[in-house]
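Engineer: The primary structure of each chain is shown beneath.
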Amino acid sequence: MAKDWTQYSNLYLHLFADCIAVRGAAKSAFCDLTRHEIITFPSEYYPVLEELLSDRIGSLLEKISSNPNKERILGFLNFLDENELVMLVDDKSAFPPLAENWDFPGQVQNAIIDISTVLHNFEKIFDELSALGCQHVQIRCFSNLLTLGICGPLLEKARHKSIQSIDLILKYEDGMPDETYVKFVESRPMIAAFAVHSAPLARRVVVDYAHPEFSDSAPLKEIRFTSQVIDSEIHCGLITQKYLTAPSVTTFFEAKSFNGCLNRKISVDADGNIKNCPSMKESFGNVRDTPLSSALHSTGFKDKWGIAKDQIAICRDCEFRYVCSDCRAYLEEPGNAFSKPLKCGYDPYTGTWEDWTRNPLKKKAAKFYGIKK
Amino acid sequence: MPRETDPIEPPLKLPRSEIVRLPLGYQKIYPKPLMPKRIADKLMVDNVKFRVRSFSAGSNKPISKIVE
Amino acid sequence: MIFIFSSVLDLSTTDVMRWLHHLGVTDVLRVNYDDAANDRIVEFNVDQDILSFRFDDRVIPLSEIGAVWYRKGRHWLCNQFLDVNFSDYPKFAAYIAKKMFAEELRLSEYLHFVIENAVPELGSPVRSDLNKLMVLHAARQAGLLTPRFLISNSKASLKTALAEDPLITKPISDVLYLFETEETNFGYYTYTETVTAAALDELPDRISPSFVQEQIIKKFEVRVFFLDGQCYAMAIFSQGDEQTRVDFRQYNYTKPNRTVPFTLPPDVESKLVRLFELLKLNTGSVDFVVDQQGRFFFLEVNPVGQFTMVSAPCNYFLEKQIALTLRQYATRNRSN
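Protein chains in written order, with our numbering: chain P, 1 to 373; chain W, 1 to 68; chain L, 1 to 336.
Derived from the structure by calculation, the hints contain no laboratory data.
Remember, it's a predicted structure, so these values are computed and weren't measured experimentally.
Ideal placement from N, C-alpha and C gives every residue a C-beta, glycine not left out.
Watch out, some of these pointers could steer you wrong.
Keeping only pairs whose Cα atoms sit at most 16 Å apart, straight-line, the calculated EDC-like set for lysine to aspartate or glutamate is [to be verified]:
#1 W:Lys49 x P:Glu156
#2 W:Lys37 x L:Glu180
#3 W:Lys37 x P:Glu186
#4 W:Lys28 x L:Asp56
#5 W:Lys42 x P:Glu186
#6 W:Lys49 x L:Asp287
#7 W:Lys37 x P:Asp208
Quick list of simulated restraints, FRET-style, between CB atoms [unchecked claim]:
#8 P:Glu82 x W:Glu68: 48 to 58 Å
#9 P:Ser298 x L:Glu180: 38 to 48 Å
#10 P:Asp4 x W:Pro33: 53 to 63 Å
#11 L:Gln328 x P:Asn336: 43 to 53 Å
#12 L:Arg274 x P:Asp103: 56 to 66 Å
#13 L:Thr26 x P:Thr180: 53 to 63 Å
#14 P:Asp4 x W:Lys49: 52 to 62 Å
#15 L:Gln328 x P:Phe368: 31 to 41 Å
To list a few chain L residues with every Cβ distance to chain W over 12 Å, as calculated [as the list claims (entries may be wrong)]:
#16 Ser7
#17 Val8
#18 Asp129
#19 Leu167
#20 Thr181
#21 Phe186
#22 Asp228
#23 Cys231
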């Protein structure tokens with residue numbers, strides 16, 4: 001239902017501070033940081049947006065009335081209103097934009113620990129992560145080494161520290177009934193996400209604590225079984241619609257100034273090497289004899305933390321750049337630290353998604369990394 | 001459109017004749033089912049370092065992007 | 001050392017503790033009023049006005065406490081008094097129980113008094129027990145506008161008032177906020193409500209004293225978190241949504257209200273600072289309603305202010321600010 005805009009002649013149109021317009025090449029997006037939504041619109045309307053925010057409604061309506069694109073401009077105005085992206089004010093200065101700060105009470109925010117043939121000393125790792133203020137840990141096992149039986153006591157060691165949640169990606173144990181997996185999660189509320197790979201049947205199993213009406217408060221509702229075989233870190237780096245972050249104040253401003261994936265991350269690869277992420281080449285010591293904090297403070301560890309999307313070719317023209325967690329490990333141009341992620345199939349110049357593995361231009365880089373598919 | 005928080009017949013079944021004897025500010029009482037203790041106990045994590053009991057919240061961005 | 005009085009369920013306290021650790025303040029002690037099972041105050045002594053207590057294995061003299069934050073709760077000694085069983089005389093037992101509770105209150109009041117006089121504090125257990133009507137009076141003293149109100153035990157008076165202005169009603173003391181876990185396992189809440197002619201018609205002629213207030217037709221609401229002289233303001237746009245139009249705490253989780261940073265007009269800000277001086281509080285949350293003419297109407301102060309709901313959407317990092325304030329208090333204290 002279109003508004004009668006003539007009633008508001010004296011007022012200005014003003015974007016709510018939590019609705020931030022991000023300009024892309026073909027498409028642009030409003031990132032609604034409160035409702036955690038991305039609302040896209042064609043980039044031709046971006047200058048229209050700027051115009052609509054610049055003057056009182058009365059003057060705008062006058063200018064629009066003589067514009068050949070009058071209907072489309074009014075249509076866009078109503079689109080802004082219907083999505084509750086704008087307010088009407090007489091003093092824009094009373095409603096300042098959000099300060100673009102990002103900070104975190106810890107030297108490290110999240111960590112990835114990979115396991116293949118060696119079971120690391122998790123108690124030591126958790127202690128060291130806690131000293132760094134780490135809040136989220138993801139444990140990925142590529143082999144059958146980390147069974148539920150071993151994982152259970154291991155997770156206990158993560159308790160009563162700075163760590164708030166654990167994500168698990170484990171390999172399917174043959175013959176393990178779903179019920180055992182469900183009970184495992186139910187009794188360990190620290191587990192925030194659980195995926196089981198190399199499973200015979202892809203499915204999602206719900207963990208609802210026998211009370212579905214409280215699902216809003218339950219942090220995990222399902223265990224994800226996938227037939228995908230995750231046998232090494234090489235499968236990481238997927239940039240797909242599912243991995244776009246639902247925008248929020250913290251994630252948006254982090255992505256504006258820092259690298260969405262590597263910022264305040266530390267990882268231990270399957271061989272115990274301490275790296276920015278297990279898929280990166282550079283090692284800063286081995287967890288056997290190097291404390292995590294020494295690795296963290298060695299020269300070069302934090303170099304990539306500041307590589308934000310605005311510095312990356314192609315990504316800087318993408319409307320999703322502040323909701324994308326990026327990947328610096330697998331690049332379209334392996335020698336260029338500022339090139340687009342290899343496994344991203346989105347083209348911001350056409351506004352379309354494609355399967356990156358089908359792109360002949362990416363074959364050479366895939367071969368370089370040893371990615372088979 | 002009924003709001004989901006309209007004052008419905010609460011489990012207390014308070015007689016109207018008594019309700020109107022309360023001060024006006026207390027006459028509309030909204031009931032909301034509480035999470036049963038056994039569920040809350042399952043979902044909450046005790047943390048001795050911070051002396052807090054809470055629902056554990058995962059990261060709001062992906063930590064890695066390995067699962068298809 | 002920094003002492004924090006809180007609740008075992010309070011997440012904001014944990015966030016502040018994380019910031020304190022990150023800012024180099026590792027000696028932080030949290031005491032929860034509702035964590036009886038883990039209450040570790042083993043022994044305490046007050047020798048004249050000098051307090052010391054043993055917490056776990058550590059003896060803590062007052063002189064070692066750099067700063068205190070009263071985040072939540074008051075009766076942090078709730079389990080110090082031994083249970084007494086006079087099962088043969090229930091009426092006498094009930095009276096004794098009341099006496100013990102009063103004894104505990106007085107001791108608690110004194111202990112907080114001792115701490116207050118020796119240690120810089122953020123928040124205050126004593127001055128946090130606010131009478132909302134007296135706060136409205138103080139607000140007017142500070143130069144702030146407050147909506148017209150009436151308190152009456154007469155149905156006729158309320159009807160006359162309603163004929164003049166649209167009205168809302170709320171409790172004089174605190175809203176109902178009960179978690180009833182024994183009989184029904186339900187929570188019971190009340191909110192600010194509009195007063196309708198139909199609701200008044202149902203009332204007896206003589207009613208319990210009720211508080212009604214002129215309903216301001218809002219443009220938007222403003223919540224301000226006050227911290228040690230600084231105001232952090234947020235505008236809430238709730239009037240477009242029927243569910244939140246009267247009381248924005250009836251949260252609409254499917255379509256949340258817009259909450260955005262706001263710059264308080266300088267005169268409102270200075271009056272707010274003045275109000276906190278009058279109330280002798282150094283922290284709290286304040287609610288305003290802004291009418292169609294842009295006038296600010298003060299509604300209430302909550303001295304145990306929820307600041308996360310202002311900090312997160314506005315990106316104010318209030319948890320960090322509180323940690324910095326506590327660290328600053330402790331540093332100043334040391335140099336005295």
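Engineer: Each of the hints needs a verdict: does it hold here or not?
Structural biologist: Structure-based check of each hint:
1. Distance restraint check for Lys49 of chain W and Glu156 of chain P: the Cα-Cα separation of roughly 14 Å lies within the 16 Å cut-off, and the hinted pair is therefore satisfied.
2. Only pairs whose Cα atoms come within 16 Å are accepted, and Lys37 of chain W paired with Glu180 of chain L is accepted, the gap being roughly 11 Å.
3. A threshold of 16 Å between alpha carbons decides the hint, and for Lys37 of chain W with Glu186 of chain P the separation of about 15 Å falls inside it, so the pair holds.
4. At roughly 46 Å between alpha-carbon atoms, Lys28 of chain W and Asp56 of chain L are farther apart than 16 Å, so this suggested pair is violated.
5. Between Lys42 of chain W and Glu186 of chain P, the direct Cα distance comes to roughly 7 Å. Compliance with the 16 Å bound is thereby established for this hinted pair.
6. A threshold of 16 Å between alpha carbons decides the hint, and for Lys49 of chain W with Asp287 of chain L the separation of about 34 Å lies outside it, so the pair is violated.
7. Straight-line distance between C-alpha atoms of Lys37 of chain W and Asp208 of chain P comes to about 15 Å, which keeps the hinted pair within the 16 Å bound.
8. Taking 48 to 58 Å as the suggested C-beta distance range, the pair Glu82 of chain P and Glu68 of chain W does not conform, at roughly 35 Å.
9. For Ser298 of chain P and Glu180 of chain L, the hinted distance range of 38 to 48 Å is not satisfied, since their beta carbons lie about 57 Å from each other.
10. At roughly 43 Å, the beta-carbon separation of Asp4 of chain P and Pro33 of chain W lies outside the given 53 to 63 Å, and the hint is violated.
11. For Gln328 of chain L paired with Asn336 of chain P, a C-beta distance near 46 Å keeps the hint of 43 to 53 Å intact.
12. Look at Arg274 of chain L against Asp103 of chain P: about 32 Å separates their beta carbons, and that is not inside 56 to 66 Å.
13. Checked against the hint of 53 to 63 Å, the pair Thr26 of chain L and Thr180 of chain P fails, with Cβ atoms roughly 41 Å apart.
14. Roughly 58 Å separates the CB atoms of Asp4 of chain P and Lys49 of chain W, a value that falls within the hinted 52 to 62 Å.
15. A C-beta distance of roughly 53 Å is found between Gln328 of chain L and Phe368 of chain P, which places it outside the suggested range of 31 to 41 Å.
16. Non-interface call for Ser7 of chain L relative to chain W: violated, since the shortest CB-CB distance, roughly 9 Å, does not exceed 12 Å.
17. Non-interface call for Val8 of chain L relative to chain W: violated, since the shortest CB-CB distance, roughly 5 Å, does not exceed 12 Å.
18. Consistency note on Asp129 of chain L: stated as away from chain W, and its beta-carbon is indeed over 12 Å from all of that chain's, at 19 Å minimum.
19. Its beta-carbon lying about 9 Å from the closest one in chain W, Leu167 of chain L breaks the requirement of being farther than 12 Å from that chain.
20. Its beta-carbon lying about 7 Å from the closest one in chain W, Thr181 of chain L breaks the requirement of being farther than 12 Å from that chain.
21. The claim that Phe186 of chain L is not at the interface with chain W is violated, since a C-beta of that chain comes within 12 Å of its own (minimum 5 Å).
22. Under the 12 Å C-beta cut-off, the non-interface status given to Asp228 of chain L relative to chain W holds; the minimum distance is some 24 Å.
23. Annotated as non-interface, Cys231 of chain L keeps its C-beta farther than 12 Å from every C-beta of chain W; the closest such distance is 28 Å.
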